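> One-letter residues, chain by chain:
4 protein chains.
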Amino acid sequence: MGGNRFGTLFSVTTFGESHGPGCGALVDGCPAGISLETEDIARELRRRRPGGQDGGGASTRAEADEPEILSGIFEGKTLGTPIAILIRNRNQCSGDYDELKDLYRPGHADWTWEVKYGIRDHRGGGRSSGRETVGRVAAGAVAKAFLAGPGVLIRAWTSAAAGIRAPGPGEKGFDYEETKKNPLGVPHRGSAEKILDRIEKLKEEGDSAGGVVTCVVTGLPPGLGDPVFDKLDARIAAAMLSIGAVKGVELGSGFAAASWQGSINNDEPIPIQGGQALPFGGLPLGVPFLAFKTNHAGGVLGGISTGAPLEFRVAFKPVPSISKKQRTLDRRDTVQDLVIRGRHDVCIVPRAIPVVEAMTALVLADLVLLNRCVRV
Amino acid sequence: MGGNRFGTLFSVTTFGESHGPGCGALVDGCPAGISLETEDIARELRRRRPGGQDGGGASTRAEADEPEILSGIFEGKTLGTPIAILIRNRNQCSGDYDELKDLYRPGHADWTWEVKYGIRDHRGGGRSSGRETVGRVAAGAVAKAFLAGPGVLIRAWTSAAAGIRAPGPGEKGFDYEETKKNPLGVPHRGSAEKILDRIEKLKEEGDSAGGVVTCVVTGLPPGLGDPVFDKLDARIAAAMLSIGAVKGVELGSGFAAASWQGSINNDEPIPIQGGQALPFGGLPLGVPFLAFKTNHAGGVLGGISTGAPLEFRVAFKPVPSISKKQRTLDRRDTVQDLVIRGRHDVCIVPRAIPVVEAMTALVLADLVLLNRCVRV
Amino acid sequence: MGGNRFGTLFSVTTFGESHGPGCGALVDGCPAGISLETEDIARELRRRRPGGQDGGGASTRAEADEPEILSGIFEGKTLGTPIAILIRNRNQCSGDYDELKDLYRPGHADWTWEVKYGIRDHRGGGRSSGRETVGRVAAGAVAKAFLAGPGVLIRAWTSAAAGIRAPGPGEKGFDYEETKKNPLGVPHRGSAEKILDRIEKLKEEGDSAGGVVTCVVTGLPPGLGDPVFDKLDARIAAAMLSIGAVKGVELGSGFAAASWQGSINNDEPIPIQGGQALPFGGLPLGVPFLAFKTNHAGGVLGGISTGAPLEFRVAFKPVPSISKKQRTLDRRDTVQDLVIRGRHDVCIVPRAIPVVEAMTALVLADLVLLNRCVRV
Amino acid sequence: MGGNRFGTLFSVTTFGESHGPGCGALVDGCPAGISLETEDIARELRRRRPGGQDGGGASTRAEADEPEILSGIFEGKTLGTPIAILIRNRNQCSGDYDELKDLYRPGHADWTWEVKYGIRDHRGGGRSSGRETVGRVAAGAVAKAFLAGPGVLIRAWTSAAAGIRAPGPGEKGFDYEETKKNPLGVPHRGSAEKILDRIEKLKEEGDSAGGVVTCVVTGLPPGLGDPVFDKLDARIAAAMLSIGAVKGVELGSGFAAASWQGSINNDEPIPIQGGQALPFGGLPLGVPFLAFKTNHAGGVLGGISTGAPLEFRVAFKPVPSISKKQRTLDRRDTVQDLVIRGRHDVCIVPRAIPVVEAMTALVLADLVLLNRCVRV
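Protein chains in written order, with our numbering: chain A, 45 to 420; chain B, 45 to 420; chain C, 45 to 420; chain D, 45 to 420.
Honestly, the hints are just simulated from the structure, not real lab data. The structure presented is a predicted model; accordingly, all values stated were derived computationally and were not measured. Some hints here could point you the wrong way.
[To be verified] If we take Cβ atoms under 8 Å as the criterion, some of the chain C residues that face chain A in the derived model are:
1) P213
2) K216
3) G217
4) V418
[What the hints assert, rightly or not] In silico DSS-like pairs for lysine-lysine, Cα to Cα no more than 25 Å straight-line:
5) C/K216 <-> C/K337
6) B/K225 <-> A/K368
7) C/K224 <-> C/K238
8) B/K224 <-> A/K145
9) A/K145 <-> D/K121
10) D/K337 <-> C/K145
11) D/K369 <-> D/K247
12) D/K337 <-> C/K369
13) B/K369 <-> A/K369
Note that beta-carbon positions come from the ideal geometry of N, C-alpha and C, so glycine has one too.
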């Protein structure tokens, strides 16, 4: 295994260290016949660039991130063979990290990595750097191309950051289109401005912020997810917690449900007038198509999608790299003062949006394929 | 796949429907030479029995749950071959479920299951029943036996239920031993009594409750977890969300961290006086052993265990089977009134404690084995 | 892993030691909606019983081998959930093996097993016994039920044994029906009689014999097999070499092809008059359906089925348990004389026929499912 | 899956089409701390180049095959992270293949590929080209570096080609060093010359030849291989049959054993004087170390290595691309005459030697890691 592969049928293995020759992804199991251009991948990669969010608390390392498709595409279509995508690392300032070579940064994986492997690439965190996510985003773009055909739509945004919460769907002021207009990906202009102010202040203090990403998937057919261990929600949870800095995930009513009664939390099923076209094959004879009055389930019952929107929230801890003085240990077990310099995000949350979407797309693409095999 | 297998090296496949001949687990990859008796499994199974928690809001289906080891053990030791464990289903009252045959119960997987597979075993929820967890608990007992040698200790308890929160570790009144004395597994007598009162009231109202299980693992060596997709926290998250009724998971500071600053959330590394024996092999030369002033990380950095206690919380939704009248649909897409009779838990949380522990043990046993392979 | 699981989507894990409580199989990933009765499994199990081949060189341990389906079937149909099948071991004479406890039998896995695991169940070979194949045959019966719908037909027979070769398909005297009439499963009465004579003589001498099983699958659609590592032929090879005593496998022209020219070995494609119905979904637009003048390929090109019969041969070494005196070592590294008593087959080949078929069915069922996922 | 991944722990996914931008491999699960230079990979790649075997029946497409390591290595050591290796395709004459665009070449995967995926890259066979094996050889070089430490030595050679057989180990005239001196990799000069003559003649006739590769592995510790499905021999068989043009594999006495008696085929165990150092960890207490008088088992008993040399033979069919006129079908199902032009090997066997070795190394590296997990 090695731990770098995700998915059963539609699978991805990512590769690359922050300051090595390049990062990328190898997608194996993508069906043949999907239209895919380099630009489909490049577009998603631009969304995770710090340059795309100036003023949004992002680092100033602005890489080109031009993907090269090495295999698996012929005349604009997937061949059914492995799709290898390479993004060269550029603009690395490895020298920035020399002084950190023998220090274990608080909140980072420096020490755990060294304990585990006995060796680490200290330049920019090596493989534990957020840079690794370019491979995820590239592979997610392939998964999105596969899902786009049947009309699955994945939308994530910053729902809270730096301790300030924006309105959610159904609440006054929520506007998804606004997420494309502010550098934070917040669905409400007023909240975005407040968060920007707060981030600016934290920057001055040499501190950092966390936040919450909300993700909603529409157009998903019922039936996705394989009980009892490859449930849709279990896969989503694994996908989200595999992203660096994530400390929690909840679906639908989530942690709030723990203090509710069943009579409140249960979603009442209601018939669908006129039926509905299904994206991935028809429904079996004798099973009616239904909807729900509420969606406390977040689109999942028994680990299987209900056809209602899949909804979940992901908690990100504050960026551990801060310029405020910290105390830590070095390799000789000696206490040292640490002031981290270099290009660092104050708040990683906006850049994590395309990563959350990519991981969601990878989960769904895999479950769509697995679902082709559950019946005669 | 089929979705019923968990783990890479130390793997389990569970089987069985609620009202079929039996349930159980097949553990493949358990190392040879571990002492294991049937009683080790039976003991864990008793912890999830409703009978063990009378008055605690549990259902009255009191099954014997006697495990039979069918293979893999010879003269009290594991052989390194698959360990098959069978628990016969007894005391099934399938007739209780006849009236539900054509109804889709709100909050249950009845409809999603039927949409997915085109067929379902309606008796007691079939495979989507909580009964399936006997296989998990049995397999978890094997994993616990493997982990016991090196001194890993997994402890879970009910930290909140029915909207009432008990004190946590470090808070006044917390007493782990108390979890064994009340039927709810709550670490504080006063809170337990309040929750029992509340549950009694909900029972009268025909309603149900959710809650939160907290799990803490001590004795874990640093180094467990395989970035970037098989991280310790990603595996724990998948394990927890694979349990029925779970809607969220968070590690360490969890969702709270999203509104903190880095300077607060970062755990300061401190040297360990005199070093410490390590459960699974020694540390590499040149890497000091360290500890942390706080544990906001919940024992995981970069997806790898730090050696500090692994700490996480799991949110359970309220039991969807309530005797209060509900509205739902039947197979002919007609709206029906539904009053669920039969034996049902008001609050599943106490019975979920051994399941949370079992899944945690399975995650850790697997990661311990995987960790043997990361270095020359 | 543990090594006891086979298949990706339609997967089986077998369990059980020769003289433990029982043996069996856990099938995960079998699609829902397949008709399956206990008798379908029992019928295949009877084919591997020694009782079914009296006089055919088989051992005299005549077990009932009654399978019990523990899960996964409801009202005669597969549910899409794991199918656990248990066959209790009966009639074990463990005492027979006490004298072998400290000896390493030549040609057996006694020593390698002990070196690997540090422990072994010496009674009847434990898990390395041929008894383990009951689980394979039971699981194969499930796979056969799945494949029967589309009309796939798997037929294996003894094509050579004890140094005597029977005529093959297309050769004079070959008669598949004859394989059901003689205890050896040989497709030619005269050859069967010769082999029986030879086996009788070997029995008197306290010696044993090997042989070759040929397997032909018809009704297979083109397109099965996933290059470059899960090719149809690679999967078949792994399946066959996983059977005890197998020392080689060849497909189509096999080893003979190594000394042929391309102009001889290439099979000329020819058009099919009137087309042909396809078992698993139709052909893509623009691809003609074709056949081949010869079948030196054995039904596989580039690791993908051609639609022509899949044809392969499997070499079995002679049974290592012989009553002739042998020299070996014991646990104290001392040379000992060994005369093996007890019930042993002189020639295992006839009893291996259903095992070869079962493994073939498992390979094909899995590839059929995998093939559902290769295109949009 | 997708079919392009091999191995459980030490795993490789290969990528690339014959005439796309490049081919390569992604190795996941290689332990940290292994010394590896680009030259280690380049050296193995040179062995499969046609240029290295001029006059040996090889094609004249002489590519540079310079590997680039994209990730996983830092300061000359493996990091424990994925190792991505890219070999750019150069010198492709795609135009050579335009006339084959609508034709199905006999003996090739053109038609089966198109039937399966509905699309194919016709340029040079796309992914079904032998070009794909550069990824295998590159990954095999990594596996060899891992195995070299403990002293495992993998040696393959051409033991027969074009109908002419060379002497084997123990036979008069066999000389492994000679395999490096003739372009065919034949361990006997006289045989090599005969084969070259024969190949020259076949070239003139526009025909092609097959052959047999023998592989012997020494220095292998006992205990490798995981019964019952991941046996050493089952893994080797799968690895070999995954190589294009392979039609059979046999271990030790192989097909010959099928006509032997047990008293001949059984290898007699003998004590080892003075014991022997073990490459991967020590033997368990109480288990003596032993050897065998003969090696009919080919180094495997019960699917587990015995410590004796692992020995197997692989049959390659003659190259299907011949310039002799053949008849075939085109996409309109019309019979066409076909004369294949371009650069083609008359006999692929010598170039397959490093591929056989690479696949063997990948199997062994994986089993070595898996073997770390079978005991407490």
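> Could you run down the list of hints and mark each one as holding or not?
Results for each hint:
1. P213: Hint on C/P213: violated, closest Cβ of chain A at ~31 Å, above 8 Å.
2. K216: With a closest approach of 41 Å, the C/K216 hint is violated.
3. G217: Since chain A brings no Cβ nearer than about 40 Å to C/G217, farther than 8 Å, the hint is violated.
4. V418: Hint holds; C/V418 Cβ to chain A Cβ min 5 Å, cut 8 Å.
5. C/K216 <-> C/K337: holds (20 Å)
6. B/K225 <-> A/K368: violated (47 Å)
7. C/K224 <-> C/K238: holds (17 Å)
8. B/K224 <-> A/K145: Judged against 25 Å, a Cα distance of about 48 Å means the pair is violated.
9. A/K145 <-> D/K121: holds (17 Å)
10. D/K337 <-> C/K145: Holds - the C-alpha atoms of C/K145 and D/K337 are around 22 Å apart, at most 25 Å.
11. D/K369 <-> D/K247: holds (13 Å)
12. D/K337 <-> C/K369: OK: D/K337 and C/K369 at ~16 Å, within 25 Å.
13. B/K369 <-> A/K369: At roughly 60 Å apart (the allowed maximum being 25 Å), A/K369 and B/K369 break the hint.
Consistency with the previously given hints fails for numbers 1, 2, 3, 6, 8, 13, ordered from lowest to highest.
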